[in-house]
Amino acid sequence: MKSMTRTLILILVAALALILLANRLNSSQGYSSGNTLTIYNWGDYIDPELLDRFQEETGITVIYQTFDSNEAMLTKIEQGGTTFDVAVPSDYAIEKMRADNLLIPLDHDKIPNMQYIDSKFMNLSFDPDNKYSMPYFWGTLGVVYNPNLTDLTFESWEDLWDPSLRNDLLLTDGAREVIGTGLASLGYSLNDTNEEHLQEALDKLMGMSPNVKAIVGDEIKLLLANDEAAAGLVFSGDASEIMSENEELDYVVPEEGSNLYFDNMVIPKTAQNVDGAMQFINFMLDPEVNAQNTEYVGYSTPNDAALALLPEDVSSDERFYPPDELTAHLEVYENLGKKMLVHYNELFLRFKMNGS
Amino acid sequence: MNGKGSGNARSLAYIPYYLWVVLFVIAPVVLVVYYSLLDVEGHFTLSNYVDFFTPVYLKMTISSFWYAFLITLFSLLIAYPAAYLLTRTKHKQLWLLLIILPTWINLLLKTYAFIGIFGTYGPINALFGAIGIGEQQLLFTSGSFVFVSIYIFVPFMIMPIYNALEELNVSLTDAARDLGASSWITFRRVIFPLTLSGVKAGCISVFIPALSLFMITRLIAGNKVITLGTAIEQHFLVTQDWGMGSTVAVFLIFAMAVIMFLTGGNRKGVRR
Amino acid sequence: MRKKNGISNLYLVLVFAVLYAPILYLMYYSFNSGGTMHDFESFTLDHYKEVFADTRLIIIVINTLVIALLSSTIATVIAVFGSLAIQNMRRARFKNTLLSLNNVLIVSPDVIIGASFLILFTLVGIKLGFASVLISHVAFSIPIAVLMILPRLQEMSPTLIDAARDLGASRRDVLTKVILPFIRPGIFSGFFMALTYSLDDFAVTFFVTGSGYSTLAVEIYSRARQGVSLSINALSTLIFLFTIFLVVAYYISTRRSEKRRSGEPAARMGVPR
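Order-wise, the sequence lines are chains L, C and F.
The numbering of the first sequence is full-length UniProt numbering, which starts it at 1 and goes up by one.
The numbering of the second sequence is full-length UniProt numbering, which starts it at 1 and goes up by one.
The numbering of the third sequence is full-length UniProt numbering, which starts it at 1 and goes up by one.
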């Protein structure tokens with residue numbers, strides 16, 4: 001009993017000491033001051049130096065909180081109880097938030113730096129006139145492959161069905177992406193809701209099962225960089241990271257068309273510091289700041305002026321900054337409604353069970 | 001007088017636990033049952049339950065139970081001797097703490113490490129190559145899935161068994177041996193029955209969470225193993241079909257309660 | 001006999017080797033200048049420097065420790081009384097019902113626990129942050145602690161309590177002098193398993209946190225899309241070494257005080273360690 005009491009006291013004292021230490025660190029960072037801005041973003045998706053710089057320039061203390069999926073973030077913002085001032089959701093999530101009245105319209109006068117954004121990335125279907133969002137990064141869906149392990153070049157989606165790729169293909173664990181691959185290979189739209197087309201796509205995908213080594217999430221980067229498979233269906237942001245780790249790999253967007261995705265900055269309804277949020281969005285669109293952030297994150301920037309500041313080998317890389325002819329083929333996901341999303345996932349589940 | 005007063009005091013001490021049961025168990029269960037009766041559009045329906053009894057979910061249920069069973073069985077087979085041997089070591093408490101310590105390192109990181117270790121170019125395959133077995137695909141197989149699950153759960157099995165063995169009176173086993181019982185008989189007739197409550201606690205704390213495993217079904221098994229936990233995760237986080245996710249959860253909770261009643265029945269005789 | 005010892009030692013060594021293999025793997029690559037968990041290029045301490053330069057990460061680590069220590073302690077205390085409540089149920093049916101209720105949170109996937117706790121907190125109006133995270137961790141750690149404590153209670157013979165009562169011990173004395181010392185190993189297991197649950201939890205914390213309050217698990221998972229950098233490996237190595245140091249120090253200090261106390265034989269009589 002005595003030793004238990006002693007242990008108990010020891011633990012409480014240790015916890016108290018740690019709390020005091022955390023408070024000291026917090027106040028040395030200015031986190032406890034009044035003028036704060038809470039940013040809700042993917043983990044490690046911004047150069048932390050820029051947060052310090054924003055703090056110095058404006059006197060606003062930035063609190064940075066992270067999420068790991070659009071859906072998890074949506075749940076948090078819908079439920080409330082939080083005070084996020086800026087969030088960085090992807091395209092279809094923005095469309096959903098807009099429909100659900102979860103966003104505050106942007107005041108374009110306060111964001112003069114929006115002039116630097118390439119016009120082809122503005123005024124897209126998920127947010128007409130960019131009333132609610134400003135592009136942060138963008139990318140495509142394509143195939144990363146190792147030319148030493150396969151002779152295929154993946155200029156067409158059909159290559160994913162090639163018998164030589166048996167048990168050598170990794171897929172991203174996403175219903176829209178995988179079903180979309182089936183749809184695109186048949187020449188249908190990625191936003192197709194026609195029941196027959198979807199069934200046709202699933203039937204076709206079933207034929208791909210022998211090639212599929214695994215259906216995985218973010219760890220796909222690790223696996224492809226380790227040469228665990230010859231090819232993988234991934235987003236270009238992931239692709240650039242994989243290729244920076246394993247230089248033998250290459251990335252290609254099949255020519256039948258594919259997905260074009262965006263992560264945009266928005267101001268959710270939960271915001272407490274709307275002015276600060278606008279300031280922050282404008283700050284991130286500043287060419288020099290944006291260029292620095294692009295170098296840190298490694299995704300494709302929609303900011304023309306920032307792109308001009310980046311080294312030539314980055315800005316002229318057509319795999320990540322494809323020419324307009326190619327981007328014209330690409331489709332942004334539309335919010336198909338909950339029922340259709342459930343249906344896509346049911347089909348995807350059937351595809352997964354087929355492989356197990 | 002005295003007895004009654006402190007009796008109340010003890011009931012008072014139960015209050016936090018009962019409060020927890022009401023607020024954090026019963027309230028969420030009510031919530032989950034409520035959601036299970038809603039479709040994607042928020043209308044009342046029983047369609048989720050109808051959907052649950054389709055081949056897709058039945059197959060998933062069977063595979064969940066099968067894998068949970070395998071994981072529990074192998075965890076027990078590995079943990080029992082380990083716990084037994086631990087009680088015979090010199091600094092047994094230190095060793096026990098060192099068994100738990102690895103569980104304090106983040107699971108995602110350890111899983112990433114396993115991806116590296118089991119990988120085509122990882123150390124295990126290098127070893128296989130060196131001893132002439134040749135390269136094997138270890139990742140994305142049900143074998144590696146079971147292995148990593150056991151890795152996660154083994155400390156939960158060792159703990160209660162170790163405690164039960166610790167309490168076992170050494171003189172009891174000595175007596176059995178003096179009476180001429182072989183080691184096996186001593187184990188089967190004396191040691192094992194006396195540690196049964198620990199074994200049971202271990203099995204419960206492995207089997208029940210193993211039913212709802214997810215994450216490593218994707219990371220280690222590459223979605224070649226699909227369990228009810230994965231389905232719930234998908235419904236909550238991807239399709240946002242909380243209704244269907246809740247339905248699967250209601251089923252899991254129901255299955256767990258049935259197991260508790262079935263295994264709990266045996267206790268009657270033991271208590272008195 | 002000697003040969004037998006050899007085999008049993010080998011078995012334990014094997015168990016420990018497997019348990020520590022992934023951790024050693026992580027630690028090894030924390031020194032890799034290559035920046036990935038394959039292809040070791042050359043030795044560097046850069047990732048460690050990164051850790052110490054990142055104040056936000058250090059605050060997160062401290063938060064994680066505070067939550068883990070406090071929640072496990074509170075959960076264990078509540079669980080002790082919970083186990084007593086379950087054990088004292090007269091009717092087997094009630095007992096099984098309470099035990100089933102106890103295990104609901106263990107069988108429920110984290111996302112469900114997280115989502116329902118979030119709904120609960122927003123309904124009640126608790127501000128999301130430290131308090132909500134702490135309460136949630138206490139809540140989901142209670143059942144595992146109960147599961148660890150309960151078997152010890154079940155093994156305790158009722159005659160022991162009756163005997164103590166007959167000798168004039170008050171209920172309070174029975175609890176502190178008889179029951180608690182007897183279930184002590186269960187309490188410690190419960191505490192350590194609660195620590196494990198708390199340190200590993202990602203989903204529940206994610207849902208119930210707010211105002212920038214974060215724990216290490218949430219931070220690591222949310223970095224997965226961008227790739228978890230080796231500074232996290234370095235951080236884990238530091239935490240791991242520090243914990244080993246603590247565990248050994250704790251063990252030695254208790255050993256010492258135990259030895260000192262063994263001078264008073266009556267104090268520990270009949271209380272198995």
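What the hints contain is simulated information worked out from the structure, not anything from laboratory work.
Hints should not be assumed to be uniformly reliable.
[To be verified] What follows is a list of derived Cβ distance ranges for each label pair: (1) C/T263 to F/F40: 24 to 34 Å; (2) L/P323 to F/F40: 38 to 48 Å; (3) F/Y28 to L/E200: 48 to 58 Å; (4) C/A181 to F/N5: 18 to 28 Å; (5) L/S316 to C/F69: 56 to 66 Å; (6) L/D151 to F/G34: 43 to 53 Å.
Glycine residues also receive a C-beta, built at the ideal position from the N, C-alpha and C atoms.
Comparing the hints with the structure gives:
1. C/T263 to F/F40: 24 to 34 Å: Check failed, 48 Å falls outside 24 to 34 Å.
2. L/P323 to F/F40: 38 to 48 Å: holds, 39 Å
3. F/Y28 to L/E200: 48 to 58 Å: holds, 49 Å
4. C/A181 to F/N5: 18 to 28 Å: holds, 21 Å
5. L/S316 to C/F69: 56 to 66 Å: holds, 57 Å
6. L/D151 to F/G34: 43 to 53 Å: violated, 29 Å
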